[in-house]
Amino acid sequence: DTQGQVWSHNDSGNKSVLYQLDSSGKTIREVSVSYAINTDWEDLAKDKKGNIYIADIGNNQNIRKKLFIYKLKEGDLSQERVDAETISFSYEDQLDFPPSSATMHYDAESLIHYNNALYIFTKNRTEPFTGYTHIYRVPDQPGDYTATLVDSLKLGEGIMTNFWLTAADISPDEKQIALLSHDKLWILSCFEGEKFSEGILTELQLNSYTQKEAISFINKNTLILTDERIRGILGGNMYLLALPDTAIISCE
Numbered sequence: 655d656t657q658g659q660v661w662s663h664n665d666s667g668n669k670s671v672l673y674q675l676d677s678s679g680k681t682i683r684e685v686s687v688s689y690a691i692n693t694d695w696e697d698l699a700k701d702k703k704g705n706i707y708i709a710d711i712g713n714n715q716n717i718r719k720k721l722f723i724y725k726l727k728e729g730d731l732s733q734e735r736v737d738a739e740t741i742s743f744s745y746e747d748q749l750d751f752p753p754s755s756a757t758m759h760y761d762a763e764s765l766i767h768y769n770n771a772l773y774i775f776t777k778n779r780t781e782p783f784t785g786y787t788h789i790y791r792v793p794d795q796p797g798d799y800t801a802t803l804v805d806s807l808k809l810g811e812g813i814m815t816n817f818w819l820t821a822a823d824i825s826p827d828e829k830q831i832a833l834l835s836h837d838k839l840w841i842l843s844c845f846e847g848e849k850f851s852e853g854i855l856t857e858l859q860l861n862s863y864t865q866k867e868a869i870s871f872i873n874k875n876t877l878i879l880t881d882e883r884i885r886g887i888l889g890g891n892m893y894l895l896a897l898p899d900t901a902i903i904s905c906e
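Count the sequence shown with the working numbering and you get residues 655 to 906, in order.
Not one of these hints is a red herring.
With a cut-off of at most 30 Å between alpha-carbon atoms, the simulated DSBU-like pairs for lysine-lysine come out as follows:
(1) K829 <-> K702
(2) K703 <-> K725
(3) K680 <-> K727
(4) K727 <-> K874
(5) K720 <-> K700
(6) K829 <-> K808
(7) K702 <-> K874
Cβ pair distances, simulated, as ranges:
(8) Q859 <-> N714: 19 to 29 Å
(9) S686 <-> S742: 17 to 27 Å
(10) P898 <-> P796: 38 to 48 Å
Please keep in mind that the hints were generated in silico from the structure rather than gathered at the bench. Backbone N, C-alpha and C fix where the C-beta goes; we use that ideal spot for every residue, glycine too.
Go ahead and model the full structure; you've got the sequences and the hints to work with.
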């Protein structure tokens with residue numbers, strides 16, 4: 655946030671709580687979020703007006719007909735409890751719940767705020783696996799909406815779990831988007847408006863394979879990553895990553 659604090663949350667079925675973390679990943683305090691249910695919280699985003707967005711968009715089986723994004727004021731996080739407003743939506747092109755295995759595009763764990771709107775990057779579960787993330791736009795104001803499909807990006811072909819997205823963030827200057835998987839990071843640069851697929855996509859291989867689930871820019875060259883603890887032994891860490899020169903692209 656603007657004070658350099660790190661905020662996080664738990665996954666599906668847990669309390670509707672945001673956790674403030676210190677630089678080592680230890681929980682400093684908790685803030686309860688009223689008027690919000692943690693069906694499957696998956697990501698956080700923020701805008702330049704001091705609002706935080708909680709993405710309740712996990713949809714492993716592609717059966718949820720309504721998804722939710724909870725909006726709250728960053729300044730209210732100094733309190734023990736904060737009230738949230740609700741943005742609800744459904745995907746404009748999903749007709750079946752669940753859809754066929756070839757069109758399992760409607761799980762998502764990645765949310766950014768950009769150009770006064772919210773953008774969701776989906777977690778592809780198609781069989782056979784197509785390697786695409788679909789990108790949907792949702793208004794950033796409370797209400798009930800249809801999410802508009804604006805573009806898609808091909809991240810790669812191969813094993814599904816190597817190329818599905820688990821988190822996203824946009825740089826403070828909105829010039830780069832970071833996309834995360836279990837063992838890879840993509841930096842999308844030089845896009846204009848909603849023409850994401852016309853940008854330059856740089857793939858970075860990470861030196862570990864864990865259930866990485868969160869990413870955030872500290873500044874345009876530095877990111878924080880976290881991974882979930884599995885079976886009490888693997889993951890549960892917070893990482894600092896400086897982008898290599900190969901990922902910092904001039905678009906002029």
